[in-house]
Every structure is written in C-alpha cells, then in structure tokens.
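The task is simple: from the sequences and hints, build the whole structure.
The lines below spell out each chain.
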Amino acid sequence: MQKFFKVISYVLPNFGNYDVMGAAAHGRGVAGTLILHNTLYALLYCAIVLSAAAVIFSRKDLK
Amino acid sequence: MNAGKAPAWVLLLLLPVGFAGVWRLQRKINTARDAMHQEQDEVLLRSPKLMRVLTGEYATFAADIYWTRAVQYYGNKRLGQDTDLQSLWPLLDLATTLDPHLLPVYRFGATFLSEPEPRGAGRPDLAIQLLERGIQANPEYWRLNQDLGNVYYLELQDYLKAGEAYLEGSRKAGSAPWMKVMAARFLEKGDSRETAVMLWSEVYESTTDEALKENARINLQLLRADEDIEHLNEMSEQFAERAGRPPHSMHELAQAAKIGGEPADPLGYPYTIGPDGKRKFQRRVRCSNRKPFIGGRYKVYRSTTQSSVI
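Order-wise, the sequence lines are chains A and B. Using the numbering used here, the letters of the first sequence correspond one by one to residues 1 to 63. Using the numbering used here, the letters of the second sequence correspond one by one to residues 1 to 310.
Hints were generated in silico from the structure; no laboratory data involved. Please read all numbers here as calculations on a predicted model, not as lab measurements. The beta carbon of each residue, even a glycine, is placed where N, CA and C say it ideally should be.
Here are the computed distance ranges between Cβ atoms for each label pair:
1. A/Phe57 to B/Ala20: 21 to 29 Å
2. B/Glu132 to A/Gly22: 27 to 35 Å
3. A/Phe4 to B/Glu227: 56 to 64 Å
4. B/Val53 to A/Gly16: 33 to 41 Å
5. B/Asn138 to A/Val30: 41 to 49 Å
6. A/Phe5 to B/Val53: 41 to 49 Å
7. B/Asp125 to A/Phe5: 36 to 44 Å
8. B/Asn233 to A/Gln2: 48 to 56 Å
9. B/Trp9 to A/Val30: 38 to 46 Å
10. B/Arg24 to A/Ala53: 21 to 29 Å
11. B/Pro16 to A/Lys60: 19 to 27 Å
12. A/Lys60 to B/Gly75: 41 to 49 Å
13. B/Ala35 to A/Gln2: 21 to 29 Å
Encoded structure:
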C-alpha cells in the first residue's frame, strides 16, 4: 500500500514541492537548485500533460 | 482543416519517458527540501531561562509553539527515517520551562525520548528527567507517575523503580485502582516482596471487583510460596554445610530442621527437593504444582494459617 501511494505521488503533480512557508517563516533563503528543479518539474509536467492531451484529442472526431 | 491523427505509440513513448524525468526531478527536489529541513532543525535559542525572560507574559503561548515544533520535528524525522533527534530535548526543555503545566509535553515527549531508535531518541534518562520535572510541577496528576513507571519498566527493565513510581501515583487522589495493582506486580517482580504483599492485601480487601480480588488472592499465595521457598533454601544450605551433602528428601530436611511435618505450599501440596541437589534452590526444592502454570510461575494456594490476613 505504501509503495502504491509512493508511485501515485510521483504520477500526480506534487504541489508540496512549491511550499517554502517554513523557510520563509524562519527568514531563510530558498536554494537556487530547488527553484531550478521546481521550474523544470513544472515545465516537464505541463509538457507531458499537454502532449498526452494533444495526442488523445487528435484521435477523436470532434466534428 | 485536415489535422493528422497522432499515432498511439507516441503516447506510449511519451508517458514513460516523461514520468521517468518527473521521477528523477522529484528525487532531486526531495533531496533539496530535506537539506532545507535539516537547516531548520537548529534551535537557535537554547536557554529556557532566557526565553522565559524574553517571552514575558506570552511564555505559555511560546511553550505551545515549541511543543508544536517538537511534534513536527519528531514527525518529520520519523517520516524521513532519520534517527538523529538531537534537537528534541532542547525543544521539550524549552516548552516545559516556559509552561510547566503543559501536560502533553511530558507525556508524549517522554515517549519520543525514551523509545529506542529508530522509533525514538533512545534516551530514557532524559525521559525520566522530563517526567520527574513534570511530577514536581504537577504533583496532583497521577498519569505522569504511570508514564514514569512505564519508562522504567519498558525501557530499563527496572521493576523496583517502576513499582515505586506506580505506588507514588496510586496514592494520589483520583488515581485509577489498577495503579496499585501494577505497583504490586512490579514490586513483586523487583523483589520487594514485603511491599508487594501489603499492596496485594490492600487490593484484596478494598476491591469489589471479583476478578481483581481473585487475582490479588492468587498473587498473595504466590508471594507466600516464594517466601516459603526462600526459607527452605536457607535450611537446605545449612543442612548441606553440616552434613556435607544436600538433603535427599524434604522429610530428611524437615527432621534435621526439627519442623513439625513436611512443609507444604499454600494450597497444601508438599514441597519437594529436586534430584540434582545443586545450589539453585528452585531446582532442588519446588512447589508441588498439580495446578497449571500462571504467567510462567507455578500456581499455588494460600495456606490456612494465613487465611486470616485475607
């Protein structure tokens, strides 16, 4: 069950990645690598979802 | 408009490759976030006295914050399977100094501290310190004595101390009746037989619960048998010193010690001497147990000579 939810957590978008409330509350900066990886994560995830949607809808007859 | 259909294999290729990339990125993000959390583990102000001065009349509010932080700290460490709980004690120390009446800190904090790694900090000594502080600040709250007894019992296997903690708690107003029972059990196990007999007798006389009364009666009988066996052991050793050999039978021992008749356990079954004659008394002289074992010990019944006590 634990493994199942772990897989799910990778498949679904993980918005927790963008939560830096703790660091902000302690007056700490957010690491540059974290910002970079989060940006890449967002771009990649959007690319996957949009591409998958484009492929699926291209195969449908919407007329 | 003539849009071409994308082949299905594009999707089959896109999803695994894309999510493999997501998985790798997520791992990197997790590493970066863990590093951030480790930085946040630091407790910058570790002096409870200074914090008390700084927080002034908001000390209890600050204590709540430190307690919440301690819970989050412990929870995050557990989730991350990190066994380094160095900041746990400073957080609990701060919380209890700022508000000595914040009872959950003592109760749950002691569990966090006393549990062995990886479940806890593996510091029962600090858990005891925390609970003793809590008992001093909240002398009427008997549950802290129970928790203290549990730490001694579960983590240190110190039955005597566990029994003493339970006994102290059992004397407080409103304490549960089983506190006394637990105290008796631990003291009995910790070889404080006299106190255990006293407590079991109290339980026997005061309880209206038939099951508890029966339990007390059996335990009193067991204690009586323990005492008998100890005395018989002494007599057997004296016999061996005089005769140069252990006694062959209880009859021989009884005659040498000039006791009227063969000694019997509280049920009336005679004690017997084992064939090996070795120094361990339980092997040589044992209670005749035609009854089933209880809790790994022989079941015996109280002698008629003691019936007036119960």
